[in-house]
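Enquirer: Whenever a hint applies, use it, and build me the whole structure from the sequences.
For reference, the chains in residue letters:
Protein chains: 2
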Amino acid sequence: MKILVLGAAGMIGRKLIGHLLERGELRGQTIKSIHGFDVVDAEFISTDTITVSVSSGDISDASTVDALVESKPDVIFHLAAIVSGEAEAEFEKGYRINMTGTQNLFNAIIDRPGYCPRVVYASSIAVFGAPFPEAIEDDYHLTPLTSYGTQKAIGELLLNDFTRKGHFDGIGLRFPTIVVRPGKPNLAASGFFSNIIREPLSGLSAELPVSEDVMHWMTSPRSAVGFCIHAAEIGTNEIGPHRSLTLPGIAITVGGMIAALKRVAGEATTDRIERKPDETIMRIVANWPRNFQAERAESLGFEAEKTFDEIIQAHIDDELGGRLPD
Amino acid sequence: MKILVLGAAGMIGRKLIGHLLERGELRGQTIKSIHGFDVVDAEFISTDTITVSVSSGDISDASTVDALVESKPDVIFHLAAIVSGEAEAEFEKGYRINMTGTQNLFNAIIDRPGYCPRVVYASSIAVFGAPFPEAIEDDYHLTPLTSYGTQKAIGELLLNDFTRKGHFDGIGLRFPTIVVRPGKPNLAASGFFSNIIREPLSGLSAELPVSEDVMHWMTSPRSAVGFCIHAAEIGTNEIGPHRSLTLPGIAITVGGMIAALKRVAGEATTDRIERKPDETIMRIVANWPRNFQAERAESLGFEAEKTFDEIIQAHIDDELGGRLPD
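Just so you know, the sequences run in chain order Z and V.
Residue numbers for the first sequence follow the working numbering, so the first one is 5 and each next one is one higher.
Residue numbers for the second sequence follow the working numbering, so the first one is 5 and each next one is one higher.
Note that these hints are calculated values from the structure, not bench results.
All values derive from a computational prediction rather than experimental measurement.
Careful: at least some of the hints might be erroneous.
Stated by the list, open to error - A short list of chain V residues far from chain Z (calculated; beta carbon distances all over 10 Å):
id	residue
1	36
2	96
3	282
4	307
5	311
Unchecked claim - Below 25 Å or equal to it, Euclidean Cα-Cα: the simulated DSS-like pairs (lysine-lysine) are:
id	chain 1	residue 1	chain 2	residue 2
6	Z	169	V	97
7	V	188	Z	97
8	V	169	V	76
Just so you know, even glycine gets a beta-carbon here, dropped at the ideal spot from N, CA and C.
Expert: Here it is, written out as structure tokens:
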């Protein structure tokens with residue numbers, strides 16, 4: 005079992021490779037090698053049985069991507085992308101990486117007749133744009149209203165058609181917003197969803213730029229890694245022609261998140277959240293989807309946390325050594 | 005007013021340019037020049053006031069397309085495409101022309117800051133795939149099940165996003181099947197819809213490969229040209245973020261078409277239709293959409309025939325000099 009991870013230095017990429025190294029097998033086969041590619045070199049340490057290699061470059065360069073596929077990895081995780089805010093600000097760069105890069109990967113595969121890997125493609129709930137129904141169903145239309153969403157929707161369409169023609173066996177994953185993201189606060193408009201949990205848990209203050217009735221669709225980094233593994237392992241015959249799945253998550257308001265944090269970590273922790281309304285972020289968030297029915301993914305065995313308390317606990321377990329800081 | 009037509013040698017392209025030459029104006033401005041581009045040179049004759057030029061080449065070559073946009077045409081009709089059957093059989097060629105060619109056009113426009121032409125993009129009802137509701141509504145999901153439909157859906161998504169960002173002012177037209185196509189019978193799976201009208205009207209026999217209860221969505225070549233003109237002229241502010249329109253047409257069964265032919269041209273004409281069931285064509289046609297609600301396009305002033313008798317009459321007027329052959 006040879007595995008290729010594009011976007012290896014990203015949050016999910018790093019956690020996924022770490023998990024694969026612990027696991028040692030995928031699809032019932034012993035993992036022999038993992039190659040991690042990103043725009044910067046990631047750092048991973050080989051184990052006794054698994055050789056880990058890394059390289060860096062630009063996926064909009066066809067020959068770079070072609071070389072990555074040369075060894076015919078059995079499973080390819082394509083997590084590489086320019087994120088939403090940057091794709092909106094840098095129009096040409098977003099298309100170059102998110103569309104051309106994806107085309108380069110798919111073309112590199114079809115240029116090798118007889119080669120038919122499982123391709124796990126990171127899509128996004130950004131393929132959906134307002135106005136939304138109360139809860140977005142599995143087969144809601146592709147109606148992106150951002151460049152990032154457009155690029156991800158194009159990737160989904162290509163994934164369907166290349167899979168239908170037997171060029172590879174693709175599954176697209178529409179990740180919920182991942183909360184609690186580890187690391188430092190970042191400038192992503194969605195960053196506050198993580199910040200208001202992670203920072204207070206570390207004894208630091210965090211700003212809340214929206215009102216407590218804002219609802220959003222979330223899952224933990226741990227579930228995101230689990231989705232990738234499950235997508236690599238399940239049989240795909242039952243999926244049908246539309247290969248991208250809306251993944252399970254939790255629809256919860258900011259108020260609900262804060263109540264959960266209080267239950268898990270106490271009022272001294274939630275007191276570190278500072279209300280600081282930000283009109284710009286409020287306007288952006290107002291256009292985001294709030295709730296989904298992920299019945300198709302659930303029926304295919306994709307699993308996520310059922311409560312936000314569990315999402316907080318996953319962060320405490322995975323990032324804080326299982327206990328609250330003093 | 006300078007006009008560029010990509011796909012100038014195709015059926016709609018030729019008729020559109022002929023109509024523009026007769027009209028002499030577009031968007032209230034006198035037409036000064038029309039350039040027609042296709043994979044083969046088309047033939048058009050300049051008028052006293054309008055210079056017509058033609059060239060041929062491959063739209064998957066970025067520099068070729070860039071040169072076409074160099075003169076900054078005010079309106080661009082992008083009708084160039086590998087058709088459905090060929091895009092399915094020639095996977096790589098279909099993507100090269102239908103996707104890369106379209107990207108090349110859009111990129112050539114954004115490479116010229118301050119230039120913002122009206123772009124009329126020929127999409128297709130092939131962006132929709134089975135299972136269908138009884139009548140497909142304007143905002144039905146993009147669910148293509150063919151390579152051609154996938155490529156057209158990708159073009160629609162790009163058109164939306166490039167328009168949203170102000171790079172051009174795009175309108176996509178999801179043409180119904182065009183009946184009666186002039187010329188010789190062709191091998192397209194949909195060819196029989198035209199053949200069973202055109203050939204008998206010319207005293208020749210035609211084969212009917214499906215049963216009379218097959219229903220489909222059609223409009224005339226004359227209406228197709230009218231759609232292009234209207235798309236070039238209307239204000240687009242009221243269209244909203246989803247720029248592709250399902251166009252008006254007639255949902256009619258093959259039996260209904262034959263009854264109309266009998267009304268217009270008599271039983272001696274319909275007797276020239278030979279029932280010759282073809283399992284392959286029946287299977288293909290079973291996956292095609294049958295009926296639409298084109299309310300958005302109608303509310304924007306797009307008009308088509310209301311009866312199939314009118315579609316037959318349009319063919320007699322435009323192709324047969326207004327009278328039935330003896």
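Enquirer: For every hint, state whether the structure bears it out.
Expert: Results of checking the hints against the structure:
| no. | hint | result |
| --- | --- | --- |
| 1 | 36 | holds, 32 Å |
| 2 | 96 | violated, 8 Å |
| 3 | 282 | holds, 24 Å |
| 4 | 307 | holds, 26 Å |
| 5 | 311 | holds, 32 Å |
| 6 | Z:169 <-> V:97 | holds, 14 Å |
| 7 | V:188 <-> Z:97 | violated, 47 Å |
| 8 | V:169 <-> V:76 | holds, 19 Å |
Violated hints, in rising order: 2 and 7; the structure is consistent with all others.
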